[in-house]
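Number of protein chains: 2
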Amino acid sequence: MQSELIQSPLYKILNPDSIAIFGASNRFTSMGSSQLASILDLKFKGRLYPIHPKEKTVQGLKAYRSVEDLPEVPDLALIILPTHLVLDTMDRCGRKGIRHAIIISGGFKEKGREGIELENRLIEISKRYGMRFLGPNCIGIVNPYKELNTTFLPYTAKPGFIGMASQSGSFITQMFDYLSKFNLGFSAGISVGNEADIDVVDCIEYLAHCPNTRAIGLYLETIRRGRRFIEVVQETVKIKPVVAYYVGGTEAGKRASLSHTGALAGPDELYEGIFKQAGIIRAYSIEELFDFCWVLGSMPPMKDNRVVIQTHSGGPGASTADACERAGLKVTELSQETINRLKKFVPNTGSMQNPVDLTFMKNPAHYLLNIPEILIDDKEIDGMLIYFLLSVRHIKSALEGLKVPKDQISCYIKSFIEDHTNSLKKMINNKKKPIVGFSYRGSEDQFISELQKRGIPVLPGSLRATRAMWALYRYSKIKESMENGKDK
Amino acid sequence: MQSELIQSPLYKILNPDSIAIFGASNRFTSMGSSQLASILDLKFKGRLYPIHPKEKTVQGLKAYRSVEDLPEVPDLALIILPTHLVLDTMDRCGRKGIRHAIIISGGFKEKGREGIELENRLIEISKRYGMRFLGPNCIGIVNPYKELNTTFLPYTAKPGFIGMASQSGSFITQMFDYLSKFNLGFSAGISVGNEADIDVVDCIEYLAHCPNTRAIGLYLETIRRGRRFIEVVQETVKIKPVVAYYVGGTEAGKRASLSHTGALAGPDELYEGIFKQAGIIRAYSIEELFDFCWVLGSMPPMKDNRVVIQTHSGGPGASTADACERAGLKVTELSQETINRLKKFVPNTGSMQNPVDLTFMKNPAHYLLNIPEILIDDKEIDGMLIYFLLSVRHIKSALEGLKVPKDQISCYIKSFIEDHTNSLKKMINNKKKPIVGFSYRGSEDQFISELQKRGIPVLPGSLRATRAMWALYRYSKIKESMENGKDK
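Sequence lines, in order, name chains V and G.
Per our numbering, the first sequence starts with residue 1, numbered consecutively.
Per our numbering, the second sequence starts with residue 489, numbered consecutively.
Treat the hints as calculated values from the structure; they're not laboratory data.
Any given hint could be a false lead.
Chain V is nowhere near these chain G residues, computed Cβ spacing over 10 Å in every case [to be verified]:
(1) His540
(2) Glu709
(3) Pro843
PhoX-like mimics (lysine-lysine), calculated; alpha carbons at most 25 Å apart, straight line [unchecked claim]:
(4) Lys542/G - Lys403/V
(5) Lys158/V - Lys45/V
(6) Lys646/G - Lys396/V
(7) Lys181/V - Lys599/G
(8) Lys531/G - Lys396/V
(9) Lys403/V - Lys646/G
(10) Lys884/G - Lys158/V
(11) Lys403/V - Lys544/G
(12) Lys646/G - Lys453/V
(13) Lys303/V - Lys344/V
(14) Lys403/V - Lys914/G
(15) Lys891/G - Lys43/V
(16) Lys344/V - Lys599/G
Glycine included, every Cβ here is placed at the ideal spot set by N, Cα and C.
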């Protein structure tokens, strides 16, 4: 895997040890300056060489008047210059011996005829020197494991396991905060822009071999190398899942993506067919793409489609059951053995049907450990959906009501959270069946946050949790058919 | 309107001046105690009479040994007692002259044959005294305008404009925090439980006349009075929109709701037909229900289905365009006049097609005022979707980068937010066309939060915003056909 990773044209782009930066200055409002600020903010450990015609230092770094003046041949050129300067800069980088570039500048194919011509000349120059490049008209990359972020927004999430290739830069950068809300992050995020050289297919190949990536997400407005795309994905899904969100399928989506990245989108049915053949799980919003990647990257596989729902509220239970059936999951009846084992934990007011509705529980350990363990043990159950209602604020106000001293309360809450999240996590590891939580609270609640941090997905709402669980089931089926050499 | 409101059996339940509470004690862990704590927490201004066999005071209030000892006939009895005590309590309340009750206790119809019998006797008793009651097996009500919350969770949201009747108590109480995240709240929330007496139809009639309610949300697992339901909704939608989320339509949903409230759900197509005939807008998750109510309750009507999308990022623009088309909204081309007017504001890198993609803007006033105003002025446009990327953190770090002194920064941000949210709000009021915002940030960002507080909906993500905009369009069509006396 490692050697295939290093051979990827993206390897030095995502893992450079030295970068020449064109376009950064000391004026904070200029584009290139934000990118350099993001790089500095994430504390990149490699060598940085700002190229500036006048300044001696840029953002505290020694600046160089031209690429020719650099003391070494950097691994990567990061170009954020006005369009008319890009070609010459690439040429000089090539002559210097630089073999990888990210071209953030726009004004190429997406701008019509003249831009197409410029882009063709860009390709010519890169070929002349054997250079590989990302862009133009992209936003760059983020690789939190290399502490590198070349986008114009600071990376606020943690290093994560979602590898993303996107035909929209926004769906990389503008997701930093979004992902961090769920205690998620990118393993690598790649904005491909116009794909004049490196394209989504290259990204998938890189991410397939990237050891930090457990699930691959694609935002697509078009596919440029159809046949190769299918082949690469078919190989990839044998080792990790690929999720795609495609928006060029409608007339309005098509027009929008044409003006966005000059992409020629195809009809929805065509892409649906490609996705099926390739073994891609299709998402219908950017949130769903991340939901799917989240659950696929953190849970064991789901062998079949039989789920059990555990709730302490009827409404969330019934709505989850309804959502399961709509998604193609089966809310099966529990075996008599399971019901017998459950009896001592389920209160009078509760229900031992599926959804298992526990109503009010005095002992949270029953809800968070004993009962899930019994349910997941059922041989007729392939996965479990759990509703999390309990919040730290509730526990706190309950303890305050019982007149427990303040210092004891925070201590109690801390160990409560640790004990329960750890034991639930251990249980999932032992049982090797997936559990997906859902709640109408988010990570602002410490309990939800700690569950998420320990790798237990807790999604916002039952519909999203159910759809993500379906993705797990779907991936099992895809893997099965790919391994059998059949398309499904 | 006021007289019809007062005649509703729910009027004294939602607006009592005095309440007898059965089941509250000084033990914090008991059910009734939480309800009393919630009432005290919201600072109910009426008179509260806890009934307790032993205690002299309950949670600081003078307690009474029995209902007979009360110094007045309270407007409402709130009963949170073990099942076997409920019938006798109702009988004694009736004899005392109490005419309205909320029965939170469970153990009735939802428990099968024996429970059905108990519930029938409950109905007999209430009829004997001419009493009207909510429940049993419900969670009570919240009326923030009367500062009254009889549920077991504290009401954390603001008084709002969403009137909700729910066959799940959870979808009232567990939504308090959820709604407050969007700066929303209930005008009235009613958990109907088993609907032994007062049912959803009564709730709709009340909410139709409730002056604080601008949109009605229903969570349904069944409909008990089909014909009357349709008639009442048909009248209601002439004055305000009704949104329903129904989960009994699948086999799994049906089974779940049977054990939940003893409801006999019907097939999905039947309910779909009822909703169409009645003029209900159907939501497919609880989040969607609130999204729809939010936008319907805060925006002017949308005459036809032609939308313009304003974005500063291609991906969010393209995905919104795609979502619009899927939802049945039309992303029309802009008129030449509009394009001419736009020219001076849109940068080179931007696009004046629809979606209007402004890429990077130096002057936020252009994005937040000038451009939306031009777009919404277009006669071929019925509504507008705006993407909000800008965050207070970005403005702050930009100003810090420009070395603006700290105290000036916070001052600048404050007036920035006030000016822009106010002028956008004013513009919507003048133009009388709906604007729906979306963002991948939430109200943790002060700018988003202030927009929401001023009544401009900013929804999480483009798909949800688009679906909610569709609901606006749908409502116009419903109203039109109802006013013409036709069903559509």
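Structure-based check of all given hints:
1. His540: Answer for His540/G: holds, closest chain V Cβ roughly 17 Å.
2. Glu709: At about 6 Å from chain V, Glu709/G fails to clear the 10 Å cut-off, so the statement is violated.
3. Pro843: Violated: least Cβ distance 5 Å, not greater than 10 Å.
4. Lys542/G - Lys403/V: 22 Å, holds
5. Lys158/V - Lys45/V: 17 Å, holds
6. Lys646/G - Lys396/V: 22 Å, holds
7. Lys181/V - Lys599/G: With a Cα-Cα distance of about 41 Å, the restraint between Lys181/V and Lys599/G is violated, given a limit of 25 Å.
8. Lys531/G - Lys396/V: Given that 25 Å is the threshold and the Cα spacing comes to 21 Å, the pair holds.
9. Lys403/V - Lys646/G: 29 Å, violated
10. Lys884/G - Lys158/V: Holds - the C-alpha atoms of Lys158/V and Lys884/G are around 22 Å apart, at most 25 Å.
11. Lys403/V - Lys544/G: Answer holds: Lys403/V to Lys544/G is near 20 Å, not above 25 Å.
12. Lys646/G - Lys453/V: Outside the cut-off at roughly 31 Å; violated.
13. Lys303/V - Lys344/V: Violated, at roughly 29 Å.
14. Lys403/V - Lys914/G: 50 Å, violated
15. Lys891/G - Lys43/V: It holds: about 22 Å lies between the C-alpha atoms, which stays within 25 Å.
16. Lys344/V - Lys599/G: 19 Å, holds
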